[in-house]
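Q: Let's have the full structure, built from the sequences with the hints guiding it.
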Amino acid sequence: MSSNKHASTLLWGATGIGALGVLGTYAAAGHERFWANWVLWFVLMFTLGLGALFIVALEHLVSARWSVPIRRIPERVATLLLPAIPVGLIALFALPVLYPGTRPEAAQNHILAGKAFWLSVPFFSVRTLIAFGLCLLGLAVLVGGSLKQDTTKDPSFNFRARKFAPAFMAIFALVVTMVAFDWISGLTPEWYSDILGVYVFAGAFLGGLAATTLAVLYLQNQDRLQGVQGDHLYNLGAFLFAFTVFWSYIGFAQYMLMWYANFPDEVIYYKVRLTGSWRVITIALASLHFILPFFALVTRAAKKDPKRLRRVAYLMLFAHVLDMYWLIFPILGKPLFSWPELSFALFFLGGILLWLRGAMEKGEDMPVGDPFLREGLEFRL
Amino acid sequence: MHPEAAIPTNAIPEGLLEPALYVGKVTPGGLDDQVLAFPETRPPKQWYFALAITLTAALIGVGCIGYTFYLGIGAWGNTSPVFWAFDIINFVFWVGIGHAGTLISAILFLFRKRWRNAIARFAEAMTIFAVICAVIFPLIHVGRPWLAYWLFPYPNQRALWTNFRSPLLWDVFAVNTYFSVSLMFWYLGLIPDIASMRDRTTSKLRKLLYTALALGWRGAATHWQHYEKAYLLLAGLATGLVLSVHSVVSFDFATSVVPGWHMTIFPPYFVAGAIFAGFAMVVIVLVVVRETMELKNLITDRHLDVMNKVILAMSCIMGYSYMMEGFTAWYSMNEYLHRGFMNIITGTYGWAGCITISCNILIPQILWFKKARTSYFWMILVAIGVTIGMWFERFVIIVISLHQDYLPSAWRIYRPTLVDFGILLGTFGIFFTLVLLFARVLPVIATTEVKAILPDAQPTHGGSHE
Amino acid sequence: MSDKAYAVLGIFDTPNALMQAIPKARAAKLGTVEAYTPYPIHGIDEALGLRKSPLGGMVLVMGVLGALVTLGGQYWISAIDYPIITGGKSAGSWEAFIPIMFEVTVLFATFTAGLGMLFLLNKLPFFGHPVLSSKAITGITRDRYALALEAEDESFDSAAAAQVLREAGALEVEVLPAPDRSPFLTSAFILRTLGGIFTACLVSGLAMFFLTKWFPLLAPMKHMQDQPRLNAQKGSTFFKDGHGMQLPVAGTVARGYLPTATGTQEAAATLVNPLPRTKEVFALGRKAYANRCEVCHGAIGNGMGSLTAAYGGKAANLQAQQFRDYPDGKIYWVLVNGKNNMPSHAPYLTVDERWAVVHYVRALQRAQNAKDEDLKVVVR
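Chains as they are written, first to last, in the numbering used here: chain G, 1 to 381; chain Y, 1 to 466; chain X, 1 to 380.
By construction, these hints were calculated from the structure, which means they are not laboratory data.
Since the structure is predicted, the reported quantities are computational estimates derived from the model, not experimental observations.
Relax, there's no trap hidden among the hints.
Listed below are the simulated DSBU-like cross-link pairs for lysine-lysine, each with C-alpha atoms no more than 35 angstroms apart in a straight line:
| no. | chain 1 | residue 1 | chain 2 | residue 2 |
| --- | --- | --- | --- | --- |
| 1 | Y | K25 | X | K135 |
| 2 | G | K307 | X | K52 |
| 3 | X | K89 | G | K334 |
A: Given below as C-alpha cells:
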C-alpha cells in the first residue's frame, strides 16, 4: 500500500511539474507551440478513449465471449473520454492560432474560400461538440450500463448493448472521421485524403488496445483478474499484431497512392515529412509502428508471453504518440522536441495515469453481472 | 475478491443464447452418410436441367471468346477513351466474388467463428471458380493470349524485362498468388474428406481417384499436428493475401491521375466491396444448395442470418466509402473531382450510378430486420441486388470515370456490343457449371471440420460442466 | 508371411476413451504410441508427448527469403539490368516493389506451409502404409478413434500390446502385419520404369514440338500476319478504279516541296536565294547536284555529263556566259519547272535543296572563271 501511495505522490509531482512547464510554454515558447502540444494531447486522449470504447462495442457487436472477463478494462480506459472533453473544449481556442481555415486570409485562397463555412470556428466547434455528445452517449450506454449490471445482474443490459452496438459503430465512424478531418487534416486544409479517417481509426484502435493490454497485465500482476490466462492474452496479442499490420496497410496505401500519382496538392504532405529531420521521424514511425512490433509478435508463443506483450504494448503506445506527433507537428516547421514537449508529456501522462488509477477502481474488476462471464473464463484456444 | 464467487449462476436468458449450429442430432457417422453420399448417388433430373442451362451459357461465352480471338478486340465495344470496359469490370467483379470464400475460410477461422465450418468448403470452392472466371478477362484483353506468358519476368532472347512499376504487373502476381493459395487452402481442407470418401466408396474408379487425391492420408495424430499448424498458418497468410489482392486491383485505378480513380480510400473500399459481393453470391448459392441437397440441418437459419448480418455491415462500410468519396470531392474544391463525382449521378450514365447506390446501400438496409434476414424472399432479393449493384459499381468506376476526363475533346460515349454481353454471360455459365460439378463430385461440407465441433467431439478435461 | 507385426491397433468409440487409454499405452513402453483419428483432437499432442511442429519457423524463414529474393530481384531488374524511367519514378523506387514483394512472400510462405506439411513433415503421399490396408481404416476416417502400438524393433510383442490395449478399453484390437518387403528391383520393374520414362519423354517431346512449331501458327494466332488492309500494289474492289493505292487529289503537294516559282522564267528573275552561303549549304547543294544534275550537266557543270557521252544528249553548258549572267531566280525556276528536255525536279528536291543547288552552280561557275581576289580568299 505504501508503494501505491509513493506512486501516487510521484504522479501528482510529475503532473505538477508538467503543469508549470505547460504554463511556461504559453508564456515563453510561443502560442503556436503551446496549442500544437495541446491539440496533440487532446487527440491522443480522445483516440485512446475512443479506441477502448470501440473494443467494448465490438465485443457486443460480434457477441464475443472470450473478452467478457477483461471487458471491464477497456470500459475503464474508455472513461478517458471524460477528461478528454474539457481538454478538447480548451483546444477549441487553438482554432484561430493553428488552423489556417479559420483565419481571415483564408478568404483570399480560392480553395479555402469555397469551404470557409465548414472550416469556420463556429461550425468546427459545433461538430466537435456533437462528437463529444455522441461519445458521452456511447459511454453512458455501454460503460454506464455495464457498471450498473455489476449490482443488478440484469441481463437486459446485454440486450440493450447488443442493440446499441451497431448504432455505436456508425457514431464511432463519424467521430473518428471528424477527428481525422477536422482536428488533424484541418491543420493543412488544402490537403485531402479520403482514407485519413480509416488511418486514424487504425491508430486509435491500436492505442486503445495497447492501453487495455497494459492495464490487463497490471491488474493480473495484482491478482485481480483471476481466471484470465494465456489464451486471453493470446487474443489480445493477436489483435495487436493484426492491427499493426492493418495500420501499416492503410498508411502504406495512402503514401503509395500519393507517391505514385504525384499530384502537387497531395504530395506536399509527404514532401514535408520525407525531407530534412522529418525523414528520420518518418522512418522511425515505420519501424516502431510496424517492423518492430510485427517481428516481436509474429510467433504464437510471443503473443502469449506477458513480458513480451507488455513491452510491445508500451512500444505501441509510444508509436501512437509518435504517429499523432508526425501528423500534427510538421505545421510548426522542423520537428520540435524540447522542454515544452517534455512538460506537456509529464503533465498529460501524469494526468492520464492518475485518472486511470482512479478508473481502475471503478466497479468490479470483471463484469460480474454478465451472464457470459463463465463462458468467457472457460475460453480456451 | 475472487471473481468465481460473483459469477451469476442464473441461466443465460433465451434471447441471448446463440442458436445451435445444426438442427437435430448430428453424429460423425451420420454426417458422412449425409454429405459424402452425394457423389455416390445419381444426380436428380433438376441437376441435369440446371447443368444444361449453365453449360449453354458457358458455351455462348466460349463462342464469343473464340470470335474475339478470330476478329480481335474490335469485337468489343471498347473505344477511345474507354479502353478498359467490360473486360476489366468483369475481372474486378469476379475477383471480388472470390473474396468471400477466403474471408469465410481464413479470417473467420482465425476469429474462431465456428459457424464458418459448415459453409467454408463451398465458399472456398466458389473462390477458386470465381478466380478462374476472373483470369479469363485480362487474358483475352491482351489481344494475343497465346503470348500471355510474356507477362511474367523471365530471361528471354528479346532481352526485355517486365515493368515492375506497373500496377498491371502487380495484378498478375496478386491474382496468380491468390489462385495458387486458394487452391492450396481448398485442397488441404479436402484431403481428410477425400480420405473418408476413399474408405467408404465401393466403386473401383472412384476408389482409385480418391486414393490418388487423398495422398494416403491416414489420420495419424502426428499428421494432424502439422496439418492443424499448416491450416492455421495458411489462414493467417490468406487473410493478408485477401486484403492485398483487391488492394492491388484497386491500385490499377488509384495510382492513375484519372478523376474518380485517384482515391486513397480505394484499397480498403475495394476489399470491403469484394467481400460484400462475394457474400451475396455465397448466400444465393447456399440457399439453393441447402434446399436442393437437403442440408437444412447443417446449413441452418443461423448461418444465413449471420451471413446477412455481414452483408449488412459491408453495405454500411460501402455507404461510408461513398460518403467519403462525395465528401472529398467537395472538400478538395477540385473541379475535376467534383464533376467526376456528380457525373456518377447526373451524367449520361447516371442511371448506373443510381442502380449502384440503391442496390448496394439502400436495399440491403432491409436486413436490419430479423425477419428479412431469415426470409428467402428478402435475402435472395438483397443478394441479387447486391450482385447487380456491385457489377454496376465497377461499371460506374470504370466507364463513367473514363468516358469524360480532363480533355473534353476526347469525351465519348461507350456502348458495349453483344459479344461483351455474351462473354459476361459465359463467365456466369462457367462459374455455375463448376459449382454444379463440384456439388456432385466432392464433399460440399467440410465434414472433418464439422465433426470436430460436434458435442462430445473433443475430450473433456476433467471439467464438471457439459 | 511371418507373424511379425507392424503395429497393433486398438479401436475406441469416443475421444474420451482414447485420451484415457493413451497414458496407459505409453506406460506399457511396448512400442511407439500413435493415434489415428477422423479429425484433430485437442490436447492429443501433449498426451502423446509430440514435439512442437517446426512448421512455423520454416514458414517464417521461407517467407523472409521470398521477400528478400523478390525485393532484390525487382531491384536488380528495374535498376541495374534494365533501367527504364517510367512515370517519372527513379529506376530503383522501392515503393513500387512492395506489392509484388508481399505477394511472393505469401506465395513462398503458403507453399512452404502446405507442401512442407504434406511432403516434408508428414511424408505424404505414401500409399503403402499398413494402416491404410487395415480393416480399421474405414472407421478411422469416419467416427472411430484408433490407438496404435507400433513396433520399434524385432522384439515387439504383438500379443502383449494387444493385451495392453484391451485393458485400456479398446473395443476391438487388430494386429497389422508388417509390410511385405519383397525385392522390388526386378527386371520387369526396371523395364517398365524405363519404358514409362521413354514414353513420357517421347510424348512430351512431340507435344513441345507441336506446341512451339505448329500450334502458334494456327488460325487466330498468326501474329497479325493476316490483316484486313489495303496493299499498295494489290487491286481492291473498294475503290471505283479497282486499285488499292489511290492517286492523291489533284494539286496535292508534299510538305517542303512547294512549287514556289510558278510564273514565267522572267518573273522568277526577281527571286532572291534565301539561303546563306555556308559550308553546310554548299555541302547540301553538292550532294543534291551530284545526285540529280551531274549525270547530264557534268561534274563541273560544263554540259558534258556521262549521259551526254553515252547517248549524245545535249544538256546545257552551265559555264556558258548566258547562264553565268542568269540571276539566281531563273536557275531556280528551271529546277522547279524544267526547260526543253529537262524535266521538273520539284518532286525530288526540297525547296532548300533547290536553293542550295543554285548556290553550288554559282560556285562551279566561279571556280571555272576564278579571279585574282578569289585566290586571296583562299590564301587568307
